[in-house]
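Quick mapping for you: the protein sequence lines, in order, are chains A and B. For the first sequence, position 371 (counting from the first letter as 1) is numbered 371 according to UniProt numbering, and the numbering increases by one without interruption. For the second sequence, position 78 (counting from the first letter as 1) is numbered 78 according to UniProt numbering, and the numbering increases by one without interruption.
Some hints could be false.
[As the list claims (entries may be wrong)] SDA-like mimics (lysine to any residue), calculated; alpha carbons at most 20 Å apart, straight line: (1) LYS154/B / THR378/A; (2) LYS362/A / TYR64/B; (3) LYS126/B / ASP152/B; (4) LYS362/A / THR378/A.
[To be verified] Covered stretches of chain A, as calculated for chain B (at least 3 residues, CB under 8 Å): (5) 126 to 139; (6) 175 to 184; (7) 324 to 333.
Treat the hints as calculated values from the structure; they're not laboratory data. Glycine included, every Cβ here is placed at the ideal spot set by N, Cα and C.
The chain contents come next:
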Amino acid sequence: MRGGLWQLGQSITRRLTQGDKKAVACRYFASEAELKKTALYDFHVVNGGKMVPFAGWSMPIQYKDSIMDSTLNCRENGSLFDVSHMCGLSLKGKDAVPFLEKLVIADVASLAPGTGSLTVFTNEKGGAIDDSVITKVADDHIYLVVNAGCRDKDLAHIEEHMKAFKAKGGDVSWHIHDERSLLALQGPLAGPVLQHLTKDDLSKFYFGEFRVLDINGSQCFLTRTGYTGEDGFEISVPSENALDLTKAILEKSEGKIRLTGLGARDSLRLEAGLCLYGNDMEQHITPVEAGLTWAIGKRRRAEGGFLGAEVILKQLAEGPKIRRVGFFSSGPPPRSHSEVQDEGGNNIGEVTSGGFSPCLKKNIAMGYVKSGLHKAGTKVKIIIRGKANEGVVTKMPFVPTKYYKPT
Amino acid sequence: MACRQLWASRAASYLRISVFNRAFSSVVKDLKYADSHEWVKVDGNSATVGITDHAQDHLGDVVYVELPEVGTEVTQGGGFGAVESVKATSDINSPVSGKVVEVNEELNSSPAKVNSSPYEDGWIIKVELSDSSELSNLMDSEQYSKFCEEEDSKH
Chain A
1 MRGGLWQLGQ
11 SITRRLTQGD
21 KKAVACRYFA
31 SEAELKKTAL
41 YDFHVVNGGK
51 MVPFAGWSMP
61 IQYKDSIMDS
71 TLNCRENGSL
81 FDVSHMCGLS
91 LKGKDAVPFL
101 EKLVIADVAS
111 LAPGTGSLTV
121 FTNEKGGAID
131 DSVITKVADD
141 HIYLVVNAGC
151 RDKDLAHIEE
161 HMKAFKAKGG
171 DVSWHIHDER
181 SLLALQGPLA
191 GPVLQHLTKD
201 DLSKFYFGEF
211 RVLDINGSQC
221 FLTRTGYTGE
231 DGFEISVPSE
241 NALDLTKAIL
251 EKSEGKIRLT
261 GLGARDSLRL
271 EAGLCLYGND
281 MEQHITPVEA
291 GLTWAIGKRR
301 RAEGGFLGAE
311 VILKQLAEGP
321 KIRRVGFFSS
331 GPPPRSHSEV
341 QDEGGNNIGE
351 VTSGGFSPCL
361 KKNIAMGYVK
371 SGLHKAGTKV
381 KIIIRGKANE
391 GVVTKMPFVP
401 TKYYKPT
Chain B
1 MACRQLWASR
11 AASYLRISVF
21 NRAFSSVVKD
31 LKYADSHEWV
41 KVDGNSATVG
51 ITDHAQDHLG
61 DVVYVELPEV
71 GTEVTQGGGF
81 GAVESVKATS
91 DINSPVSGKV
101 VEVNEELNSS
111 PAKVNSSPYE
121 DGWIIKVELS
131 DSSELSNLMD
141 SEQYSKFCEE
151 EDSKH
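Can you build the whole structure from these sequences, using the hints too?
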């Protein structure tokens, strides 16, 4: 995942500037055969999906619609994403909650059954191993989804701690949901369209909530969440029913909900101010620096008890040295690793994600700057190919979020 | 891509749905092409340079074109600017050596012309050639079409 979506997705365009073409061609040829395919792979290809290697999977970066059009259509109508490369996991046992609390910053104990939250897995230094949406299905069952690119290290990390926890008599076990596929249905039509496919009343099912229910004839795990800033759902469906459900959703929307690839998904999450692990959050970045202090439960702030708690609680008390902020800028779109300077030309930080916002029609970016220079309105210079471009620190999200919450 | 397309159409006929067959990108007969996907149109000692239809198609929506200053010296195969799309940044290499005598200022306000008209309104720079013998290092339209086909099938 290091380097992010674009570098991975750009095998062809990168060759615009490649010197050693043969070497590159061979490398891709070799790796493509080893890529994993989701249950919808053939459907993607038939629908014009441009398949690219992403975190060990062959995934559609876009379909026939341009990334610009796909992004706009998600906010206007809706998008359906195949995100089956992400890893769904259940932790079960009467000690599942105290076990998970050792690894994440969330107050899992106080989550009501059927609700969830974004959280962060931390290391001993308080840095982020991964971000994840966790749900308390019941007091003895946690369902969570981790990033595809972090799957191996996350599972190894969880397994290592689980062994130690069980050795001390703790009751916890896991199940990795490789028998399931994951679809993300996002946008204003997500609710109305999904309602056609289930008897459950979705009007009282709010952002962050979780339910096991029948959708289109199969038992699904439904979470009202997403990665676009829009209202929407992530649907974990048995893989043998994934294609039928995909077709049913597209059909019920009368073509308005479009298949959408990872390209637009990245534009959408950036507009919503959401982190991409590997770009905007890494091993050495703490949740406090990443602006996710809100995700550290009150009880956790008082008690600690998670990996790296000393570092994180100290940062909470003293304030972090760097902070994640948003930027608007002129000139070429900032990209990951563009240097950020103050008006006097001193280095103050770095861009971690950036691009042209299809909705706002201007450049947006996020990155880290020194504390004190993080206030909205602070003028900065963003250095791209050696040239300084005007920028300003801005609050996020860039595009207002539309999560479905009780009024 | 060729193999996959064949497979896809088989799957499609089985599923009784129609397949979108991607047309090969267009080329223009009298232009010369570099393997880094730029074209050059030579008129006497003056050469107009842009990126090909194939390149713009792979880049997607162009949102910014970084132009060089008039007077800049460019060399064959050397970078002189960049094209930014929603998804990526790509350097633009000069297919010829010489001095930049004009840049397409229109692209500052309408970068999408690179997508809509890669061979006409979307031209990028004009160069005063310093060595016209270099043109023999470039491909003609037929060779370039074949080159793109091969490159796509490798992918």
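Hint-by-hint comparison with the structure:
no.: 1; hint: LYS154/B / THR378/A; result: 47 Å, violated
no.: 2; hint: LYS362/A / TYR64/B; result: 10 Å, holds
no.: 3; hint: LYS126/B / ASP152/B; result: 29 Å, violated
no.: 4; hint: LYS362/A / THR378/A; result: 18 Å, holds
no.: 5; hint: 126 to 139; result: violated (count 0)
no.: 6; hint: 175 to 184; result: violated (count 0)
no.: 7; hint: 324 to 333; result: holds (count 3)
Hint compliance for this structure: hints 1, 3, 5, 6 are broken, all remaining hints hold.
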